[in-house]
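Protein chains in written order, with the working numbering: chain F, 48 to 354; chain Z, 426 to 793; chain R, 348 to 697.
Calculated from the structure, these hints are not laboratory results. Just so you know, these numbers come straight off a predicted model, no measurement behind them. A couple of the hints might just be wrong.
[Said to hold, decoys possible] With the C-beta cut set under 8 Å, the calculated list includes, among others, these residues of chain F facing chain R:
#1 Gly332
#2 Leu334
#3 Leu338
[Said to hold, decoys possible] Where chain F lies over chain Z, by a calculated footprint (3+ residues, C-beta under 8 Å):
#4 461-474
#5 525-535
#6 681-688
[To be verified] Covered stretches of chain Z, as calculated for chain F (at least 3 residues, CB under 8 Å):
#7 619-628
#8 700-708
Beta carbons are placed, not taken as given, at the ideal position from N, Cα and C, and that holds for glycine.
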Amino acid sequence: MDLDLGILGQQILNGLTIGSMYALIALGYTMVYGILQLINFAHGEVFMIGSFLGLGTLLGLEALHISLPIPLALLVAFVVAMAGAALLGMGIERIAYRPLRSSPRLALLITALGLSIVLQNAVMLLVGTEDRTYPEAFTEALIDGFDLGPIHISYQQLFTLGLALVLMVGLTVLVQRTRLGKAMRATAQDPVTAGLMGIESNRVIAYTFAIGSALAAAGGILFGLTYSINFFIGYQAGLKAFIAAVLGGIGNIPGAMLGGLLLGVVEALGAGYVSGTWKDVIAFGILVLVLIFRPSGLLGERVAEKV
Amino acid sequence: MRRFVTALIATAALTSLGMPASAADGVKIGVAAPLTGALAKMGADIRNGADLAVQEINARGGIKGQKVSLIIGDDKGDPREGITVANKLVQTGVLGVVGHLNSGISIPASKEVYSPAKVTMITPASTNPELTERGLKNVFRTIGRDDQQGKDAADYALKAGYKIAVVLHNKNAYGQGLADVFKKNYENGGGKVLMFDGIQTGDKDFTPVLTRVKAQKPDLVFFGGEYQDGGLLVAQARKIGLKAPLMGGDGLFDSLFIKLAGKKAAEGSIVTFPPFDKAGAFAKTYKGKYGAEPGAYSGYSYDAAKVLLDAIAKAPKADRVSVMAQVGKTRSFKGVTGTITFNGKGDQPGFKFGVWRVQGGDFQLVTK
Amino acid sequence: MPGPLLRGKAAMAVVFAVVLLLPHILRFMPQSDYLMDVAITTAIYVTLAIGLNVTVGLAGLLDLGYIAFYGLGAYAAAIVIHGGAAQAAVSGGPGFWVALPVALAVAAIAGLAIGLPTLRLRGDYLAIVTLAFGQIAKLSENNWDWLTNGPQGMEVAKPLLFGAELRSPYVLYYIIAVIGIVTWACVRNLNNSAVGRAWVAIREDEIAAGAMGINVPKMKLLAFMTGAAFAGLAGAFFASKSGFISPPSFDFIETIIILAMVVLGGMGSLPGVILGGIILAILPEFLRSLPSILQMEGSFDITPYRMLIYGGAMVLIMFWRPEGLLPEAHRRRELHPNLAEGERKPVGHT
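Extracted from the complex, chain F is given alone in its bound form (with noise of 0.2 Å):
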């Protein structure tokens, strides 16, 4: 097979922009297991309703008939969405896991199960089954591109890729070099120090979902700009990106970054070489080798089994 470069430029670059979706997910997947070691099965529902307020938002704009230009539309619809889905994240931690923090863990397991298929079903209820885009003008806005050598890049991949980076690079900030990231670095590592330090954990606790979920907010509202939503793109999506959480070292907020990225590659480079019909078996098939083989992911620490 003659290996052409402009090919698998385009395609990596492909499959950096889906990443750097999946990326801005697992960061909150990342973080609440980081403190929590718990899977917060609900998360990739987070993501999905912060997707559909971004849509709202959009829609609301025109129906209330204010006409902002589309950068500063765009803007609005992040914030309201990146907000509520702060708020529905900490709600959910408040409400459905800090009751059952002395629960056994299957109990918590189930629990987010059940709350995500909820979150997922009255969403369904609320705004049906059918496929949405959001407005031509946000979608269309974007499209053209410029070729960069033999590959294309679209505005709006552009605008993807650089949002997530800001977003990224804000988290690192965050996480490093606020008091904030320092509390909660503290909460992770070992929470009964970090409370006789002072720290109140149950802040903490909160704070991380709610970091974590306007995260996947802003990937949310990206995957809306890009494709089309359902209600369903929580759990498949979600998925995805609790892979690449698992592939980059769960709890590890560079490797959640890394994993993301990687593993949109990964498909891009499978469906574009391989087959389109066997992408997910390929993305499931990582998940499951790395499990076995390396559990700990790639930049997590060598950890055998976590008592």
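Fit chains Z and R to the given chain F structure using the hints.
Here is chains Z and R on its own, set in the frame of chain F:
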């Protein structure tokens, strides 16, 4: 003690399911379609078409003085749900069913449920040839078959000068079947298929496959599948700079295809679908009642219901076997979609698919 | 007043009687065919719930890909009955009765295949990996056209008994009833044996169990394989009884439904999951029939709310009665220590 109570409750619950349905007498027919799920819009089109026919006949006094009831079943586009719904319709006493939409549901439901119960099934939308190749006497369709559709599509593509193509499908019973037929006919006619691959229906990101397609530099991209995938597919094709037109079958023939793709991306897409008059009387009546343009299958569903009701009226006895035999005798029935005659298999011989093009945000008929 | 032992046995006798005589009871009801079909579906679900109970309830292994065993059993049976891959004649093979043990074996091997690599994985990871396996199975069924006929699905012949085709739901019911009873009996025996106790020990504290001399890997594998085997049997029956199978029937959502049954009934409790299975299998049909029972006009269909109810039930159970409706006494004590028998406090408010 607990288990005893359990058993009692279970039996009581089970038996309460069989409580007699509402005492509405009269003639019952059913309509089964995906009223929820990705294809809900097409499902609603089918329900409305049948509903319109039933309302009209009731307005004229019903059949032999009896009111006609339409029992509605939602098969959700899922084969198992479809079987359950079919069972329920049969048990409710319907004389015939208009439905389903998905070939993947019509095929098992017709054989496993409707056939043993001698219930006539007339599908307005299932195009898989397999449906009428099994010798079942209770299966009919007002729509055409994919072996015809794929051939008509291939003929047009070659005539229009598209010499090299890529063929994609969405790996479901309908999409893959149609793509196979197209490929066979296209290659037989001298066309060259550079690539044949599938995408996962319900997935959102098709750019990797499309990038590979673009590298082949085809004249045409044929896609077997429904509009929720097709719309995204053509939108993403344009985004990566793939300019070749997208061609597809009846599964794409819906305004939602254009909406999901965006007017700009959908422009120039080619879709096979039987020709019909968009401004006719049927369209006006339909719009007045349901507030929307008739969808792709509304007319076919309407005609299917009318054929069924007509057969019920003409049958010597109002029982399932007689109705089935009467439907089989349908010759030159004037429907809104054309003149309907069923052959021995339940198909309409000589059914032709026309070709439409998306122009200015709407479908325009190109050839008959 | 008869002692508890006799009461328990009398209750069981009644249940058995109902189960075995059900077709004869239902035959006289209106819409009896439909009722019989619901009964069969319920029996399938109960069998699956008992099987999942072994893996999740007894051994504490959250297998979210459980439905894959059901699907593999169904396809194995379909292929055996076809006498080859999808394109062969519909009933060119050895038939249903040979297909049953083959399906059991295929599913059990699959259980082994999934259990082996996941032995070291903890609860959350295990859940996701098994979910992934389940999806891989379904996608493979859809993609391997040469073997499974892909999305077009496979027609499957009905079981033959002494040359006669068994079509009637009243007769087919007995096959699944027997499968269900056998499943129940096997699990009950395992439960009461050293194996069952080993499983519970692993569920409670894997490391302690190992320290006490339990061969944890072996027991885990046994749990996977047992649960899988019964799902395989149910799948084989489903394939032949339905006459047609296709990949969409074996999706993740089904595992959720079965899990909800296990959770509702009481994880680890055999009578509990049976009750849970019955309730949640009948519920959608009951809701579907509700309008006509209440003499309501129009076709208000409550099935869109079905999954919402399942999910909500799971969450609420975890909050207020995590031990389920009919818990094992052990479980209730575990979740509500220091309470007298029969007394309850919701979890999380200690």
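For each hint, the structure was consulted:
| no. | hint | in the structure |
| --- | --- | --- |
| 1 | Gly332 | holds, 7 Å |
| 2 | Leu334 | holds, 5 Å |
| 3 | Leu338 | holds, 5 Å |
| 4 | 461-474 | holds (count 5) |
| 5 | 525-535 | violated (count 0) |
| 6 | 681-688 | holds (count 5) |
| 7 | 619-628 | holds (count 6) |
| 8 | 700-708 | violated (count 0) |
Violated hints for the displayed structure, listed by number in ascending order: 5, 8.
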